[in-house]
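Student: The primary structure of each chain is shown beneath.
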Amino acid sequence: MTETGSESRMRRGTNSPTDAAVRDAAAQRTQSMYQSPDDEWAKSLGTLSAQTGCTLVGVTRMMYPHDGLGDEYYAKVVEGLDAQAGDDSDLAQLLEDGVGDLQSDGWSDKDEDARLDALVEIESTPFFQTVRNEVVTGLYGNPDVWEYFGYEGPSIAKGGYKDRGFNDIDWL
Amino acid sequence: MTARYDLNDDSVFVIVGSGAGGGTLANELAQKGVDVVVLEAGPRYEKEEHIDVEWESFNQLSWLDMRSTSGSWGITNDFPTLPTWTCKVVGGTTVHWAGCSIRFKDYEFNVASEYGSLDGANLLDWPISLDDVLPYYDKAEDKLGVTGRHGIPYNEPDNNQMVMAAGAKNVGYEQVTAGTMAINPVPRDGRPGTMHDGFCFQGIASNARWSTLNTEIPKGEATGHLEVRPEAHVLQVQHNGSGKITGVLYADADGNQHVQKARGVSIAGNSIESPRLLLNSASSQHPDGLANSSGQVGKNYMRHTTGTVWGIFDNPVNMYRGNTMAGCVSDEARNDPDRGFFGGYYFQTLHLGPSFMGAFVDPGAWGRGFADDMEGYENMAGMWIVGEDMPQESNGVTLHETEKDQHGMPIPNVHFDDHPNDVAMRNHAYEHGSAIYDSLGARKTIHTPPYPATHNLGTCRMSARPEDGVVNKWGQTHDVSNLFISDGSQMTTGAAANPTLTITSLAIRQADYIAEQMKAGQI
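Residue numbers (our numbering), protein chains in the order written: chain A, 1 to 172; chain B, 1 to 523.
Take the hints with a grain of salt, since some may be wrong.
[Said to hold, decoys possible] Calculated cross-link-like contacts (lysine to aspartate or glutamate; reagent style EDC-like; alpha-carbon spacing at most 20 Å):
| id | chain 1 | residue 1 | chain 2 | residue 2 |
| --- | --- | --- | --- | --- |
| 1 | A | K162 | B | E378 |
| 2 | A | K158 | B | E48 |
| 3 | A | K76 | B | E56 |
Don't read these hints as lab results, they were simulated from the structure.
Here chain B stands alone, though its shape is the one from the complex (with noise of 0.2 Å):
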């Protein structure tokens, strides 16, 4: 039964989002009795109407508020008010995702260590281990239905999938699976298994993959001690003279402001939304932003190393005809200096349809040469690069000195610049991908630039110490005991692997330490 709880009432734990940290963390806080209430800022649309068409699905889930990008990154040039492909929806943005689930290597918690200092990197090592999380990676990968793990078999492998996996094996790489996905092969926990309808990214329509929206939210709302407030857009947060959180304010669909009282505050907004809220919450207390004593809210934005490689051929692939990215090669996933650069990446098939390869695959270019290779759309097969990128402290999101959004708060600026290990690494894997489909004879091969970011870090990082970042090792605020951070944003490097099931993995570990702490008195 969906709880429903009063304005007035300072007993509940109020987390802003309800994607893949905030959503999560909600579930596990009601399962253990905890009253919860998720203020989501988009609307809630169920998996009956999403819609397996990309452009109407993009314009049903995104986030499409205004924003402003700086930096020498292409995203100013191309999709100057589009930095991420994020959700505004119940569910955030694990309604649009592709559901690669791997876990982070051992030595991505310690890259300080491992790789030194490297000019223009602000590195720092994790205040935790791969050991301190390991027993959530499986409590996460059991959660989500991770293929290829805990007994789950692997997906079918697909057209796409099979051409990558046989280009891979052509240039020696082992590594190759058809990845570990959170697409359930057969019926599980009350979910269908794949249908390969090449549309299970955007959306849930067939249900077949994981999504808050799908099995945490819902889950939690049977518990009785979860209200989900869709189109709740949270605007700031609030503390009284000692220093605690107190609630926040919100604007709802109609633009009407309202204070949710809170025992504790957890903020799960997205790499953008997380610290913007922060920012816009300065008081005399906190004059530089909320919980930003050292200064490092909104610093260090991550958004991986990514970019595309197409391969064009001679005969068929129709790589539209599967899940939307349906195998993975490992082998490149490692710290190797000898390549050039440090840390590693991995290959993922992707496909897009014609509405999207029109837009993404080389934006802003026309004329007969681009038109040529949509010609070849039947004939392509597609994977894209997923890797570590470097934070750096000028690499972030600051409030808009001018321009405000729907409801008087000022919209983010995401400024970006690549860093040289970044660009280093990216066309290593431009070349290594291409040579993939060019084992396999492809008539060319076509290196698309990273699209608007889906994978969104590190700007309320994790430290051991509260002058190098944001959130302890719990994801706990440094200055404020009462207010956490529960997505991405509290990432203190990036690792290269997708980082769903590591934001996930992270929530459930969290939502033990906010329910010992409560017990206890603290919060």
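The following block holds chain A by itself, in its conformation from the complex (with noise of 0.2 Å):
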């Protein structure tokens, strides 16, 4: 494992990538169809190409991993990024460059350990960055996740949650 040195906010979680839970859902997501230039929607991107585009649903996943959402959810993330490269040609250029600097060094094909020490090393970097302000915003903002999560979200129209749960707490 590279030194990550004090200042990455890269943070570890209790479980380590190669436990068991971790492996399984990861064989799941083998039969994705978000991982493979080849595969139908990394070819129906309008603007990155297909190895950018599936990189990225891999690089996105890695950065706030939830092993029970499937790869529809950051392969929403990558649509984004997708559409505003559309309108952005610089950040069309941004987003190629850096995936092109991560497979240069074949990063889809490094082990899951390797794959986050490389992150790691570009995380101060404007690519990564950017990556990850749009996961930040485009997966935790996906109406779609909320349930996940256990949020029920907008309430207004349903008359609130006075009638459906604000003090239903039943632990204390």
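Combine both chains into one complex, guided by the hints.
Tutor: Dropping the structure here:
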């Protein structure tokens, strides 16, 4: 494991990446439709190359890994980047170059620890920070993931939570 | 009936900004028959247009004009162009407000005397005391419909508050309530009771919470003496050769510039924009900025000592079911230097949705450890820390030397360093806030650093002597008799309490003074 230095903002979890549950989740995702440049999804991107798109699915998952969320939620973040890149050629170049640098060293073929190390090494770059910011807003701001986190979302149209459990805590 | 005034009508009183200070002052003056024009930089979105989705609401309401930051605070790294979390809409930051309404304490008007000399702190006693403000606190609490005051019941505790209250009791705290909140528990003053919608903070979609947008402004407009002009961004306050303010230069929605004449002007643009406007109004008579003979314009910026403590438990809390802020522990709100710092602080419940939690719980962090915390969202409880921070002359607002905004006005740079007293208080609060959750068996507690500031104070401070501050005890500038400050920037020191109630109270008090001065022919 590479020394990450005191400046790294990467936080390790209590599960090591080799835990069985993590391995199982990863195994399930090998059936994902978002991981190969040959997949329809990757080829459907408007601006980013198929290789860049599917690599970014892996990068965004590694930044904020939720084993119970399928790749489609990370792919949605990449679709957001792709749409912005369509209007912003500097952004498109930043993403293509950033992925190109990662893949020049065979990032996708490395094991999980090595892939994480490679991201830690570039975490202060504009490429990493641009992608990371987009995951924070695009993943946690996606209404489709809220149920997974136990958040019921906007309530005013439903009369709020007044009759829907605002004071239902029972374990205190 | 909404009034309309001509640009050349120099009988109107102009107010810059429509939030807690400006919106309240506008209604109070209009009720007295004074003709008022409010120039608001942002657009007008009525409550029906407000959105109960975090980022969508943020993008609709927030002040997102370019700003720069400097100093050792975390904001310079994490949110370098967003030093504050305030609004650019009619209603100002009362549209984005939790509703917590607490009076300042007696000693908090006299902290220079109470605390003595403190290295690096530019402490000064207010030129007014709690007694001067008390009658206006009563009026403001009635206006806002503050719970737990004047016979108005408290809101029913929600899940997040029940967790904090149970833990607070465990560790021996005694002053624990559901908060004195400007959120109706039952219908009052044309607004409904709360539906505990989880969103009574960003916008007023449910209309249970007071805002100048749903109360002061429509009431003022109904008098026929108030015009609120949205998307009117004031660039400069103008004066004549004898030193009297004559009007303001503003840019409209299309960027076209106009001068609105005025018999007097009050600035209530929040503690970043108010000093920015004064500094940008420098003239040969006021070479260092308008009303800045003291050199204190833009200085002594305060943002409260804040932080957030989250507890993750083994069982669900569902903190988002309830009002964003819905409870308060007040035991630490006292001056007890034995704790290792001067001044006090409150704990107040707070929740965020997953969208904001991801962005703010640990800004910049990533990886499995971060994701694991997010997986605990359902089992999380949260509390905000809000306490007095020390005014420092070096903290504040200056005009950027090169960067300009969309109207060609220099952008503000906001500089901030924590005072050691702020750090000691925050650490004490983190530790004692964690103890509250630990007493209930929290699996983990998380300490979140301060958000972009919602409480912005002190950059045009009130002082007895003209050389010590910018305005006198009425918020009237020492240098120019028909120029006033009506927002939190006039606060000499910041106290521990959320500032909106005090801003509102001072605006009611100021309206009485301005009306008297007009009657006496002084303005």
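Student: Decide, hint by hint, whether the structure agrees.
Tutor: Okay, the hints, checked on the actual structure:
1. A:K162 <-> B:E378: Within the cut-off at roughly 18 Å; holds.
2. A:K158 <-> B:E48: Given pair A:K158, B:E48 holds - Cα atoms ~15 Å apart, limit 20 Å.
3. A:K76 <-> B:E56: Given pair A:K76, B:E56 holds - Cα atoms ~18 Å apart, limit 20 Å.
Of the numbered hints stated above, none is contradicted by the structure.
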